[in-house]
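So the sequence lines, in the order shown, correspond to chains A and B. My numbering numbers the first residue of the first sequence as 1 and each following residue consecutively. My numbering numbers the first residue of the second sequence as 1 and each following residue consecutively.
Worth double-checking, as some hints may not be accurate.
Remember, identical chains collapse to one label, so a pair may be satisfied in a single copy or spanning two.
What the hints assert, rightly or not - Here are the simulated lysine-lysine pairs, BS3-like style, with alpha carbons at most 25 Å apart:
| id | residue 1 | residue 2 |
| --- | --- | --- |
| 1 | Lys-29 | Lys-2 |
| 2 | Lys-324 | Lys-27 |
| 3 | Lys-320 | Lys-237 |
| 4 | Lys-391 | Lys-18 |
| 5 | Lys-20 | Lys-49 |
| 6 | Lys-237 | Lys-18 |
| 7 | Lys-387 | Lys-327 |
| 8 | Lys-18 | Lys-49 |
| 9 | Lys-29 | Lys-18 |
| 10 | Lys-18 | Lys-128 |
Treat the hints as calculated values from the structure; they're not laboratory data.
2 protein chains.
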Amino acid sequence: MKIEVIKFGGSSVADANKIKHVANIIKEKANNNVKVVVVVSAMGGSTDKLIALANEVSQEPNPRELDVLLSTGEIVTSTLLSMQLNTISIQSISLTGIQAGIRTDDAYGRARISEINTGRIIKELKNKDVVVIAGFQGFSDEQDVTTLGRGGSDTTAVALAVALKADTCEIYTDVSGVYTADPRLCNKARPLTQIGYEEMLEMATTGAKVIHSRAVEVAAINHMPLIVKNTFELLQKGTIIQSESNMENINKVRGIAHQNQVGKITIKGVPDKPGIASSVFQPLAEANIPVDTIVQNSSTENLTDLTFTVANEDLKKAIKVSEKTVKTIGAADLNSTNEVGSVSIIGTGMTSSPGYAARMFQTLFTKKVNIEIISTSEIRITCVVHKDSVKTAINALHDAFELDVE
Amino acid sequence: MKIEVIKFGGSSVADANKIKHVANIIKEKANNNVKVVVVVSAMGGSTDKLIALANEVSQEPNPRELDVLLSTGEIVTSTLLSMQLNTISIQSISLTGIQAGIRTDDAYGRARISEINTGRIIKELKNKDVVVIAGFQGFSDEQDVTTLGRGGSDTTAVALAVALKADTCEIYTDVSGVYTADPRLCNKARPLTQIGYEEMLEMATTGAKVIHSRAVEVAAINHMPLIVKNTFELLQKGTIIQSESNMENINKVRGIAHQNQVGKITIKGVPDKPGIASSVFQPLAEANIPVDTIVQNSSTENLTDLTFTVANEDLKKAIKVSEKTVKTIGAADLNSTNEVGSVSIIGTGMTSSPGYAARMFQTLFTKKVNIEIISTSEIRITCVVHKDSVKTAINALHDAFELDVE
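Could you put together the complete structure from these sequences and hints?
So this is what it looks like as structure tokens:
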């Protein structure tokens, strides 16, 4: 039994007509020799509506309850798509995360998949053409519903592709692949034919929304090729994300990622002694807040300033946690802003050729974009800049690194 | 541990403010000595929205998928109410039908509860004040979601009250109890202080929407007193539904029930031989369509006409089933209408005093209301009339039987 795993994002299933269109795509794939496992997101906008409802009753909704609430969005889509498939004579059944055997830890809102028991899925595929699975959700040891965080349906799809030993995992979305930069902000941006996992990971964590970073991690660890395609432009080839084999692509900027708005926190007057960084970041880790860039300014009089960025939606929570830390460690003060964004250039082996960094800084300087923080990794250079400069920076860098040419 | 079971209908939890109001009612009840199990319906209107979505993708949605879809409505309410309870410092957890251990058969859309495993509920009540349970749903042997039919949350509540050995089951709704007639159609209607199970059952099956008839059946079998109260008029006493002990109430019309619109099917030219009624009604039973009144006209030339009514929403399905039957049994023809409604007078021991029927027919005759079908039970007399005459009939009968006087 050959199994294909394909995933449709929220904009691909946003209304009844789009669900019908998606059902036709699935119909093309399902036949005697191929069974299809489909993972769906909530209908575009519906998760936001559920969150708004939760916030109407509670400013900080109980996390367990919030997960159960949000999980209903994907369940709605999965049943509607399954109904439509049955209507067009494709034998289909929908399964919730629990029914699909997707076990997770109990970190509500950011749960991680620990194991997939594929028994029920395999059983259903014996007499059905298609199993439609509600993405984004799983269940804890207590049999409670958990969710994997925004964009978690991508992770559901990749984890299922691995568990079901599929050859590839196709991610259908509303853009034609992974672009060299966000086409809404940079009109010279073009889709890449191929990109490596590590590069994609840097693209995803620093803003390219096309696929969730955790999904790329799971794919990379398990060598699962991902194909990103456009639900509404089926003739476009899309982008394949896999282990980079093309030597030509090494030592080259592949794309520009950005975040329009991030939260930035500076803790001032931190006593500069060993273990102090851990005192600051351990509480954030315990509160499940991922920290992006971290910069520690050089110390004067044994005091130092620590600056870091977090996702904009985590800023409120991060401030709350860090205010406690300021007292615990005897720091002077804390200030924060969400008036900044980030721009990153990404490409394998960049940091080994210092010319890239220099060209990036020079380009931003020419465009009068002030750099607030710099952070680098093996394959990425990120500059935090004022949020109003993000678009200018993207376009200038796209030109400077000649990304419009394949 | 004393456990109270209370249920809130869709209009009681229709928006965030109403959910907050409901949370305050629960807070008044929960204390060190009393644990509260709350059953909730979907937020008013949301089930209709989900059905509309399903109909957008499919005219006859797959029943299993439809049940999973509809079950999300009650899950949404249960999580929101639980969040709000936690916000006002009442320790609460929500449970879905599956988590609450509500086992049913697998008749999707009209499942019946077979057993409640209260283990999880009892466990949660040990360290929580309140458990909020999504009504209307359970699970089959296949671990698939089932729903109990419209109004099924009442049944969930009563079954839980029985399983948890509660003293009573309180049903909160948007009216102040069980009325002598529908107050929207009859302005002299008043709430009854008390009514027997059998009378309530007749009221419920013939149109009084205040409580679902199956819930009354389960309460009657288990001698569980039901209290119907108004969520928004807490000072009103409401109506208690229990085994009738008050001799004064026997041989008296207690109330008038009605259905604004029902489906009526007549099968003409049915060969009049033994077993023919079963040939007509067995297929309807197998299709899970409850039949209300049945009338068989006197036979001429060994042919007879069979007329019966069904709920308006079942008419389409009933016609489809019966058209097959017409061919199978060699009947002549079938015709149908949904231009009729029904009016019933209800009271214990009425049929033993023929004066009630005579007075009912006389009253309708005086008001020029033409009677199409008559059907009687031990405690009910029902007349099917043109739907435009329903309101006139209710008011005339309310006066004739002096229901405005306690």
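Quiz item: Among the hints numbered above, which are violated by the structure, and what are their numbers in rising order?
Solution: 2, 3, 4, 7
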